[in-house]
Amino acid sequence: MINLKNAKWNHYINYIVVAAVTIIFAILSLTGFLESSDKYLLEKIAIAITLAVSLSMVVGFLGELSLGHAGFMCIGAYLGGKAAVILEPMLGEWPALIVSLVIGGAVAAIFGIIIGLPALRLRGDYLAIVTLAFGEIVRSIFMNSSKESFGGSLGLDTPRFNKDILFIIAFVMVLATLAVTQNLIRSKHGRAITAIRDNEIAARATGIDVTKYKLLVFAISSFFAGIAGVLYSYSNFTVQSTKFSYNYSIEILVMVVLGGMGNINGAIIAATLITFLDVELQTILTGNLAVLQDLIYALILIVLVIYNNAPALKPFREKYNIKTFIGRFRPHNPSKHKDDEAKWDRVPTKIKMDEVLSVDLQVSSPYTPDKPGKEGK
Amino acid sequence: MEFIETLINGLSIGSTYAMIALGYTMVYGIAKMLNFAHGDVIMVGGYMIYVGLTVSGNPIISFIAAVLSCIILGITIEKIAYRPLRGASPLAVLITAIGVSYLLQSSAQMIFGSAPKMVTVADLGSISFSGLTIPVYVLVTLICSVIIMVTLSLFVKYTRTGRAMIAVSEDKGAAQLMGINVNRIIMITFAIGSGLAAFAGLFMLMKSPSLSNTLGAMPGIKAFTSAVIGGVGSIPGAMLGGILMGVIEAFSLKIPAIAPYTDAIEFLILIIILLVKPTGILGKKRREKV
Amino acid sequence: MKKILAFVMAAMMIIGMTACSGGANYTENNTEFIIGVSGPLTGGAAVYGVAVQNSAQMAVDEINAAGGLNGVMFKFIATDDTHDATKVAANYASMLEGGMQVSLGTVTTGPGLEYSKLSAEDNVFFLTPSASGDKIPEFDNGYQMCFADGNQGKVAAEYVNSLGLTEIGVFYKSDDAYSNGIFEQFKENLDPSIATVETVFTGEASDFSSQISTLKDCSFIFMPIYYQPASIFMTQAKGIIADNAVYYGCDGFDGLAGQFEDFSVIPQEVSMLSHFDSNATEGAAAEFVAKYTEKFGTDTLNQFGASAYDCIYAIYNAMNAAIEAGETIDVTISASELCEILKAQFNGGFTYSGVTGNDISWDESGYVAKGAVKYVLKEAN
Amino acid sequence: MSKIVLKTENLGISFGGLKAVQNLNLEIKERQLYGLVGPNGAGKTTVFNMITGVYKPTTGKFWLDGEDLTGKGQETINHKGIARTFQNIRLFNNMTVIRNVMVGLHNQPEFRCNVFTSIFRLPKHFKIERAMRDKAKKILDIVGLLDERNNLSCNLPYGKQRKLEIARALATNPKLLCLDEPAAGMNPHETEDLMKIVRRIRDEYNVTILLIEHDMKFVSGLCDEITVLNFGTSLVQGTPEVALNDPEVIKAYIGG
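Chains as they are written, first to last, in this note's numbering: chain A, 673 to 1049; chain B, 1258 to 1547; chain C, 13 to 393; chain D, 3 to 258.
Any given hint could turn out to be false.
The list that follows gives simulated cross-link-like pairs (lysine to aspartate or glutamate, EDC-like), each with its CA atoms no further than 20 Å apart [as the list claims (entries may be wrong)]:
#, chain 1, residue 1, chain 2, residue 2
1, C, Lys129, A, Glu760
2, D, Lys58, A, Asp881
3, A, Lys819, C, Glu349
4, D, Lys31, D, Asp226
5, C, Lys228, B, Glu1262
6, A, Lys819, C, Glu133
7, C, Lys199, A, Glu820
Output of the computed footprint for chain A on chain C, the stretches with three or more beta carbons under 8 Å from beta carbons of chain A [what the hints assert, rightly or not]:
#, region
8, 126 to 140
9, 178 to 190
FRET-style restraints, in silico, Cβ to Cβ [as the list claims (entries may be wrong)]:
#, chain 1, residue 1, chain 2, residue 2, range
10, A, Lys819, C, Ile206, 22 to 30 Å
11, B, Gln1433, D, Asn189, 29 to 37 Å
12, A, Tyr979, C, Asn41, 53 to 61 Å
13, C, Glu273, A, Tyr979, 27 to 35 Å
The hints are simulated quantities; they were obtained by calculation from the structure and are not laboratory data.
Glycine is no exception: its CB is placed at the ideal position from the N, C-alpha and C atoms.
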């Protein structure tokens, strides 16, 4: 196999894949091999990945359920878009892009901290509904804004960036999101964050500053949602608030959950596939067939989630998954797992979410030595 | 006078929310899952009433048919989409619930078309006294909500099945060890919840006779919000939350300057209530054992 | 496992995408003229999109049955945008790359704002049946078959001014481009001596008791909204708003009568300012209503469809007129070339008579000029 | 003897009307192994919860090294030098053993680095990570879990999980280490092993240890001094031999 240390390979694989895809498509785009529809699709995929990865920070690593991610994106889209409108004549295209990315991200991050504050007091469903409420409030405010400020119900007209280049920028942003998210998670701070998720009381007792880290995660997560929003405004001629309803937040959540909680690569793949499926269904099923879109999407969603999560299907999953399939062609390397480096950064693919959705149940059940299913060694 | 009038309007809006929230809170409080498809079961209930009226012309028969079909639908959804995920992450169940919601909506559009249907269940008229006019359906909805609330509370408190429900909501594993058939209890919960959804469908149609496949979506979210305001899993809380939500909405719509922001104001008040009382108005706070 | 999956997927996508790349001329393989539209075929606004799809398809079928354009057939594609502007770009690109030569733009205003700019870049002609926003025909490739919102508001205000009222009620949807667009111009052109009682709703609200009680003393209520919420409002307002009051709406009201089994349960007078009445009993409109009802029933019968039907015929007639004037329109003509030809026609005195009006013409900016009629949908009981 | 590490004065808490603990006066001296015993429901864990900041005492005060920590938050109290384990084990289940300990090392001054250092992968980040791992290995060695360091903590057997909790608490470099039933669920052999570990920790790290335990052999074999609690009040204080033979204590345990 590749003569790199396993750990390093593991860490950088998604950068390499994303960068390779970006470069390949950039070349194809600049040599005129890509249709507009491909470019639109790529833009959408990049934005979806940014959103999914940033949301997985909150849901997967911090273990809090947020249904307001679209709200942060909305802030980024409107403020970044407005900044672009104002700055583009003054600064030119590229500086305006950079400044509006920063503005959109920063303002979204500030709101992330504001919404992070209730997260210190609320858990589970209660936090979920508060984030959902926040998203709807943001949407309502932009919806009813005056024509001069944010365009009101007609939406804000924003400059559309050159479509040959925008998706490349969007993928660079994906790389940036990945870099920040993964570097943070794979550091002592990331350990503190996952510690809070695993057991908040123990984390506090171990001296972890829960307040600081919760706010940090909300800030970073919404920063990148804001960035995605700015990219969104650049990829459309108008920004309309109807887009940012709770349904869109849920769509992003679906990507995170399908990808596997706390699994960044999974979130990337899920975001790509869902966006791809969405656009393909939309453009293939025209006319009278359009009604089938949601039906097919819903069926795929239900089947996938049940297949991936049903406890009864566990043996089946273990028997027929890609890992075992690939494993047949690859010599088993038992020494790999002994390496301290290799497992140092293990990101759990499944986290215990009992506490996320059921606050008034006992948060975590005490361990009993004879509990069935947990075997001692 | 205007105050009382607005209050009555608030009750009118809130009674629907309360009715939906009661069904929501049953499923939500006992099966511990956010059933995002609940609003769409209401929609199916509405369509069933429509079909019943078209076929039989009798509101009572069509309503009974709607209740039965909603119960069957609820049980089926639970069996196919939720039961396989018992024991898996609650988020996975949340996602299948969303899938079921999409499925029901698009099926409804496929079967009944995209145009809204006008369904006139029964014109109950309105009663007036001393300058106030109250549509009768508001009173009927309110009275029915209260009856349902009381019945549910008594059912949960005093029947064997009801107590088993509480046990299941507290701890599924322990309940199972005590000999409770958890699957059966959750199935009954879904049946009750879905039956209540048919009630909600009926009352929504009595109020606004226009029936489309998105009928339940936004009221569903508002009702969920109401249930959270009232306190998750609390039956009187759902009622209280719903009424409160309706009254806030009515008063907000009354003031021209803030009327367009009505939804935002409702949600803002939700946030404030939760910040002051993190478990909702009637929610129980439980201390974690350390 | 996941990383390998990622690789496989990336490779798959690269193959999939490069395979479909081609030259800039998408129409060279066309064997029919392709007309496209993007509209809400699913979701809350589906009824409008479906109406457009049905009617446009009906018109295309009729034209083809009659031999097409000098023997060349037409093909109509309707893509679904669920009233979401974000989805328009993908629809537009896929239709254009699929050989679309001329289009009906979008069905609704929000997505239309996106569509008008996209199509302006490629110079693709569109004549929208129902995206009535004032900014829709912003560029010279865009035309409207419906009245622009602002104009409707203006005409409605002029009508109200002529009634000599002192106070009117207004009920509109504050988060809707159509409703807002009409209301703004209405307010601007309304005689300042007329007091207004304004009420709003948002989203898919279905309980208007609060708004109704605010408006209960008004004898004239202007409602620039679509017919579904209007029907709910009227049902709920029974017995609260005076029986001799008047409900007055714009073209969105069309289809209202079809919502009620018996419209006479509403005691008030209901009238609208529109270009089409789906209860028409004579003329081209009645003919359209009969044909549509036979094929699709009355469920989705509304002015959106009538307007779309006219759009197809207007484009067809304009192409015919251009050929008579000596232009050649080949089946593989590019969208941009056809756009120039049609623009020359539409700006050059072309008129059309059809379901939604007679001697319809267009000005340079793309707005339609045709007679707006006050239809009384229902007399007061 | 030496100076007093933890002092409580009239410490008490009531939940609603129930007085869970009242008028508790403790004086724990440096490097002491101090036991807190009593029948179930006597309020031992509640005492722990008060001095680690989980609950705020309703009456009284407590001092660590002379500093008043009453009413401070859990994090602050930990930073000041009180670390604890839990009766119902609370590990970070999705982390490997070594990472559990590294979370404990999070706030140590020598491992401080800000978020940006980590996000931008500055050299300091790598240096700190290496140093933390080495330190964690040392701590794991003491509790005998070095070989298990790359296993998920939830896969450890019960006894080892308890040891890991001790290691994690120890990693925060406490002045006072509070162990809540460290020997619960262990077999006699493991208990003996644990006694050695606890002593070794005290000796090598100069830490004062306060522990709750039901195993009287464990308590009398290990502790220098104990306090017996019953119904939230202190019955007897003294050396294990004296205290455990006190008739009041026997009565409390036997009941009646």
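Tell me the hint numbers this structure goes against, listed in increasing order. 3, 6, 12 and 13
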